[in-house]
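Protein chains: 6
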Amino acid sequence: MTEFKPITPQQQPKFAGIKTFMRLPHSQTIQGIDFVVAGVPWDGATSYRTGQRLGPDAIRKISVTLRPYNLALDVDIFEHCSGIDYGDLPVIAGYIEDTYAKIEAELCPLVEAGIIPVLMGGDHSITLPELRAVAKTHGPVALIHFDSHTDTNDQYFGKPYYHGSPFRRAVEEDILLAENSIQIGMRGSVYSKAAYADSTALGFKVITMSALREVGPRKLMEIVRKRVGPHKVFVTFDIDVVDPAFAPGTGTPEVGGFTSAEAVDLVRGLRGLNFVGFDVVEVLPDKDPAEITALLAANIVYEFLSLIALNKKSKKNV
Amino acid sequence: MTEFKPITPQQQPKFAGIKTFMRLPHSQTIQGIDFVVAGVPWDGATSYRTGQRLGPDAIRKISVTLRPYNLALDVDIFEHCSGIDYGDLPVIAGYIEDTYAKIEAELCPLVEAGIIPVLMGGDHSITLPELRAVAKTHGPVALIHFDSHTDTNDQYFGKPYYHGSPFRRAVEEDILLAENSIQIGMRGSVYSKAAYADSTALGFKVITMSALREVGPRKLMEIVRKRVGPHKVFVTFDIDVVDPAFAPGTGTPEVGGFTSAEAVDLVRGLRGLNFVGFDVVEVLPDKDPAEITALLAANIVYEFLSLIALNKKSKKNV
Amino acid sequence: MTEFKPITPQQQPKFAGIKTFMRLPHSQTIQGIDFVVAGVPWDGATSYRTGQRLGPDAIRKISVTLRPYNLALDVDIFEHCSGIDYGDLPVIAGYIEDTYAKIEAELCPLVEAGIIPVLMGGDHSITLPELRAVAKTHGPVALIHFDSHTDTNDQYFGKPYYHGSPFRRAVEEDILLAENSIQIGMRGSVYSKAAYADSTALGFKVITMSALREVGPRKLMEIVRKRVGPHKVFVTFDIDVVDPAFAPGTGTPEVGGFTSAEAVDLVRGLRGLNFVGFDVVEVLPDKDPAEITALLAANIVYEFLSLIALNKKSKKNV
Amino acid sequence: MTEFKPITPQQQPKFAGIKTFMRLPHSQTIQGIDFVVAGVPWDGATSYRTGQRLGPDAIRKISVTLRPYNLALDVDIFEHCSGIDYGDLPVIAGYIEDTYAKIEAELCPLVEAGIIPVLMGGDHSITLPELRAVAKTHGPVALIHFDSHTDTNDQYFGKPYYHGSPFRRAVEEDILLAENSIQIGMRGSVYSKAAYADSTALGFKVITMSALREVGPRKLMEIVRKRVGPHKVFVTFDIDVVDPAFAPGTGTPEVGGFTSAEAVDLVRGLRGLNFVGFDVVEVLPDKDPAEITALLAANIVYEFLSLIALNKKSKKNV
Amino acid sequence: MTEFKPITPQQQPKFAGIKTFMRLPHSQTIQGIDFVVAGVPWDGATSYRTGQRLGPDAIRKISVTLRPYNLALDVDIFEHCSGIDYGDLPVIAGYIEDTYAKIEAELCPLVEAGIIPVLMGGDHSITLPELRAVAKTHGPVALIHFDSHTDTNDQYFGKPYYHGSPFRRAVEEDILLAENSIQIGMRGSVYSKAAYADSTALGFKVITMSALREVGPRKLMEIVRKRVGPHKVFVTFDIDVVDPAFAPGTGTPEVGGFTSAEAVDLVRGLRGLNFVGFDVVEVLPDKDPAEITALLAANIVYEFLSLIALNKKSKKNV
Amino acid sequence: MTEFKPITPQQQPKFAGIKTFMRLPHSQTIQGIDFVVAGVPWDGATSYRTGQRLGPDAIRKISVTLRPYNLALDVDIFEHCSGIDYGDLPVIAGYIEDTYAKIEAELCPLVEAGIIPVLMGGDHSITLPELRAVAKTHGPVALIHFDSHTDTNDQYFGKPYYHGSPFRRAVEEDILLAENSIQIGMRGSVYSKAAYADSTALGFKVITMSALREVGPRKLMEIVRKRVGPHKVFVTFDIDVVDPAFAPGTGTPEVGGFTSAEAVDLVRGLRGLNFVGFDVVEVLPDKDPAEITALLAANIVYEFLSLIALNKKSKKNV
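Chains as they are written, first to last, in this note's numbering: chain A, 84 to 401; chain B, 84 to 401; chain C, 84 to 401; chain D, 84 to 401; chain E, 84 to 401; chain F, 84 to 401.
Keep in mind that the hints were calculated from the coordinates and are not lab data. What you are looking at is a predicted structure, and each value in this text was computed from that prediction instead of being measured. The reader is advised that the hints may include incorrect statements.
Claimed, not checked - Listed below are the simulated SDA-like cross-link pairs for lysine to any residue, each with C-alpha atoms no more than 20 Å apart in a straight line:
no., chain 1, residue 1, chain 2, residue 2
1, A, Lys97, D, Gly241
2, B, Lys88, A, Ser275
3, D, Lys97, B, Gly241
4, F, Lys396, C, Asp237
5, C, Lys276, F, Pro223
6, F, Lys288, F, Pro223
As the list claims (entries may be wrong) - A few chain F residues facing chain E, derived, Cβ under 8 Å:
no., residue
7, Ala278
8, Ser293
9, Thr335
10, Val338
11, Pro372
12, Asn400
For every residue, glycine included, the Cβ atom is placed at its ideal position computed from N, Cα and C.
Produce the entire structure from the sequences given, and follow the hints as far as they go.
If you want it as structure tokens, here you go:
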């Protein structure tokens, strides 16, 4: 297990060396691995800006500043887990449906082997094939979805797949437990008064940013836990749920979002759920001149890994 | 009326097409129009940075992400209003007084026709000719002024007009009802203990950021409503009232300002007042690498349009 | 005809107003029009960077600095031609084949009406549907192709269409006269000694940058003219044929390219050929912080328009 | 004294002239001076990014927007103090120990003359020689340390000095009163559960960001005052204690930090302590495209100067 | 004289210290001074971009890398000359005519004292008051004008002064010897076939870039020398004469210009003429992310200083 | 051998995956390896800007666009060679002499094993320990040095080592054959007429840029070959030898340098010499917003690898 943990800054300065996530070994082994971090360099299905395919690169570059102990969650990730940077999943520019097939095919053996995938997008359309892969092993799962948009639109110029529709498709494909799923952080201008009716009609619970401001983070977490229950859960985190001041590097920013501290706290608030997969999406390096969006995304991934480790730690202690 | 509303993303993707504000028709018609959005590309009168003349461009570019329904205010702008992107008002670089005359002359027929002008600066000196045009039809009006500076200085190297003096001039010209006007958000280092005495001597009420932090936004809105009363009101929003983290792209930033959420909420809080004009000023694209300042300014304009629509909606319902 | 020409800086300062190409009228009329300038905001088929969908925007923004008289070619574009900014052609993100169909469908009526399309990409994959539209009216045409790559690869992860294959496909589809076509400016590292054999096997003549440096621009133009002969010709200009110092904003830059002066001169050297269409592609604003790539691309479009005008002028003089 | 105060914007526009801190006279006199502002352009000892040597430059450039009256502290700096921009202290790139000697040697006569040094880094390793110079005149002093890291590591690749160890070294050298010192704002991922044990073992009190969020700023200030007592105190402010949204331009940012308003308030909260020196460090202009980090750092220096002036004002009033 | 020369890098590292041009003393003395370098921070009269007011700042910042010996001209500037950084000349934003009066008034005593002014703009409109000041002492002078535009337009929205008209005005005011003056480097699209007829009608000789490419630099210098003859000469260098690849940071770039080597060589080619003043204008830092435009402008100023020194050296040797 | 060659774009898209140089395997094996590419992330010894420690990262990121066949040199690198990305060599920030020892110690076993090191800086001070390592196995070697500066200064604030002195030190240490070494490309302002006398006194031949422009590249290569003779040779390429337009991202740029095409041609011109090591230095990503400097540096490394492969190919053919 010792080989599947980060290089320390006592071994090599942080600024030096090949950049993998958190300086984990780059490998595609699945032996003795608890989680893989992998990129999904796809930005072919966005409705405004592109460039998210280089998101994984940017997250890896800045992730070298992360350290293994999470004080808030009281866990050393690599005391309990071994993990790797798996590299990037395969995609075919211009062909979203073929890309979906490739992503799913690459993830399936990992999920089947009991490994938890932690994915870095890429635009939000990639969560659909991720969920397909997860569902193949685990059956339909609950979804915790942080975002400023619900991404439950129907069609885009007559086509079913783009970054605005993955969660509608997932419900239709019966790979989500909509009644155990929740969408958090919605805000911004919308197309009609019934903006979130689509989501609720599909079965999702929607907590808008203004609702959230009223209930507060503590109560929100109770709502989430009650909603998800004991079900297996996939967490998807669209970086645009965070305010553009804290996450400028994204494709469809909306003013009035979370701070970085709130974002991290919300993820920490999920501790103990029955996680089967995670992603953070929509990081766009070209609009991130100071790399603060990538840094935040790296921290979100770090909190995901901490949640995984915490679950393993808890099991041991039982 | 159908032609004077935005192109939808079902008609054309957001990233495509000529960039007008919110993808409204570009026109200079005044028939059947409730509001015009127009740029005022003037940056000749600033005391620090320049480049604000390209502010309208930047706001238009990012405004394509806006959608017509404002949930917080419960109004679909284009259900109640028709509006256009009027283009930019005329200016003459290097000649502020002639520029003032041109801006006023261009606005007068619009205001006279009952159209509400919603203007995008440009530096803050442009608000003076805007107020002149408004006053020509409406007489002196109340002012709600969001800013980190009062802009009531007297002279600048012996000259009366620059972006630090418009509101002193406006009072002197009897086009403002100072006793019904309010300045909100002042902060930062000043020249003397009597920093805001100039403004209060002119008749303005000044709510500094530290005062505001104490009274809170709800109480603030009561103060504003009481102050303005039933009078016709012009709203001027200097983007530097927002913190530089949320609005880096401006000429004279001051630390310690509003968040984007607070900024939007304050504008929404003005609902129901008797509006005759609006502007958002001091957007400086060259210091806005991720376009977040322009995005916020576009949202402020959007809230202005929503306020106009809400007033129309209310009238119908009466 | 008078309405289909640019606004002058005596009418409105260059920095003011809605940004269309060269401040031409934005219209989709086809009556009395000689050329249309249109954007093709597609970047879904690139092998490295994305973001080219915002290329047309960037070119339009800086094109306001262009003036109507081309001294080198001795022609006033709008004395002989009327033209419009048609806006952007339709695309569907994620679906290259459907996008191809939409581009072709939109262009066909224009080409049929005798209008010369001048297109702004977008990645280079868009030239294939453009050629299809052109061929539908004109039959197979000669191609003059400026680029640092031949773009005659075969497949990309098993798929026929991406920005590296349009000219192979075009030959296979019989919409190009390969034996009258020429590719100019190839350079950079390649996959094998037979790097350009694919192109020559398809029938193209390839003039690498090093060959060009030997023959010189004057002789090159003779070769081009001889090659093209009297045939109808489409000119495609990948901005990466220019050196990255002069055109940093592109997706797959190659060191050792043309200067901006050389690029403009080469286009001017084509005067008098029988043009039926043009494009300039692969402008990527996110890597163009000083807008010099967009400026050069705007100038290339300008030279295209001058070539069109020169042909009309010549016809009149006959 | 009149010569050692800033140029006013009535004398020269803010954008004009040679850039010294706050447009103070550039001088190396020590006659009749209360404080010097000086740069320490050293970035040779960082564990991640470099470029902090140009921090003083960037702070000076934007500091021209500051004005002499601090309303929150009710003090006009130059009514009570005279001060200069001393320029930059000497350093030798590549040789940290010699650089330490030079910084100390340059500062000693200033401190001895009763002048309060206010220093602009540079990386955090520079605080050690500053403390040495201060201690030579004043003996060991209390430290108030704002930072997201404790900087009390031991060695870096076998070497004692780098930007992660200055405060451990200072305690070992008996130039700090650790039992009267406090570290505020620590956060982020760490190496082990005992992350802050090093600091507390050295005698420091550590207030992490999460602890601070619980006690609140008012209570924090009580803790600080009790801790420091009547002792002479040096304040060191690492700009990375602020959230990356408000201070992107730094070498080792950590998400979840202070806002700019909180940062300024905390410094103001120190009023009345027995200050003998200050610094603000780790400003990195290359990651500060909109200059907001430099602006905040300039404001922190401004608050430092205000604290000095307030102490002088208080003494007079006694 | 020893005090009026640059700090050496042996005295202080280049990256350290207050930034004056070439690290010259900042002073407004005129005793014993051969030249002054001064900024003219005015950008109020431009037809496209603004921000040139911060040009002098940017040139000073990068000029610290210059060294005193010019090998190509075989002269050590400070062996023969003493000079200072005079700071910036006064301007009034928004009021071009008052600004003109202030610039002229500030320069007159310098010119009268026999000092050669070397000015850093600012937009090109500033050359008119500079010429007025020069002419007051020297009478009408010859002009050597490097630019991509002739700047001899007449009016701009009915006004006589802006950055497109200074040389028409100068001829009309009889402060230029048009018949001994020359304009070099014109290129780009124009408004009509008679584009340069305005200039030649005023008496200027115009050497377009394409003419220059034909005659070559050596022959050009003969033409210049013949044209200027023994007359006193002012050299004005608009940085946009250089290609945007080499000078992206400017307001109205034109493709197809000089390289940096050509620009420097042309200035060197002027050696021995009877210089009475110089400027370099239109440097716009906001479009100069890597500071290469400012670096080139600093080198142009450096060549100007070398020409001054060479003249002094020659006189001594006579 | 098959494993030590790049991933192809048919295996994985260029934009995907962990970034090693040219997508070579990341390994520290020395079995069966002809060359290693390694970074030297040291920027502690610069006289102006820092940030070069992230140069290797930037070069790796963009190097993914390189392809294995070099047409100009007619060689497929990986047909003849196997090579790896070795990662980065060890350094200790703040301690140049210890860093030198570490670099040398890490390189020695590689050189001893007959592997050719190809190094990516980092500032130019790193070439000294590289030469020490090379000399330990090979004895003193000839040097071909491309640069705009000679880097043969003596001391920097009393210290022997910094990026301006490595080649003086190397001669003093008898690890260079100065009489077989050559420095190419020197230009820019200097400290005295005897600017290059230091270098020639040490035994180097200096070809300034102006000398080079006269002799031309072909003759230059003859001079180089004659100078180097049959001796083992180390090639060091400071990216600042290239003009800032083509290589803006560097620490001490000088106007008037090579184009990218010239730079590549000069390296190609060295074919057949007896190479024992290479480096490219002074790439500074923070001043390289469009990544063109990194792209050029990657191409220079690529040409180095081609030269190695060509030598191996030639040997086989003998």
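Each hint tested on the structure:
no. : hint                : in the structure
1   : Lys97/A / Gly241/D  : holds (16 Å)
2   : Lys88/B / Ser275/A  : holds (15 Å)
3   : Lys97/D / Gly241/B  : holds (16 Å)
4   : Lys396/F / Asp237/C : violated (30 Å)
5   : Lys276/C / Pro223/F : violated (37 Å)
6   : Lys288/F / Pro223/F : holds (17 Å)
7   : Ala278              : holds (6 Å)
8   : Ser293              : holds (7 Å)
9   : Thr335              : holds (6 Å)
10  : Val338              : holds (4 Å)
11  : Pro372              : holds (5 Å)
12  : Asn400              : violated (41 Å)
Comparing the model with each numbered hint stated earlier shows that hints 4, 5 and 12 do not hold.
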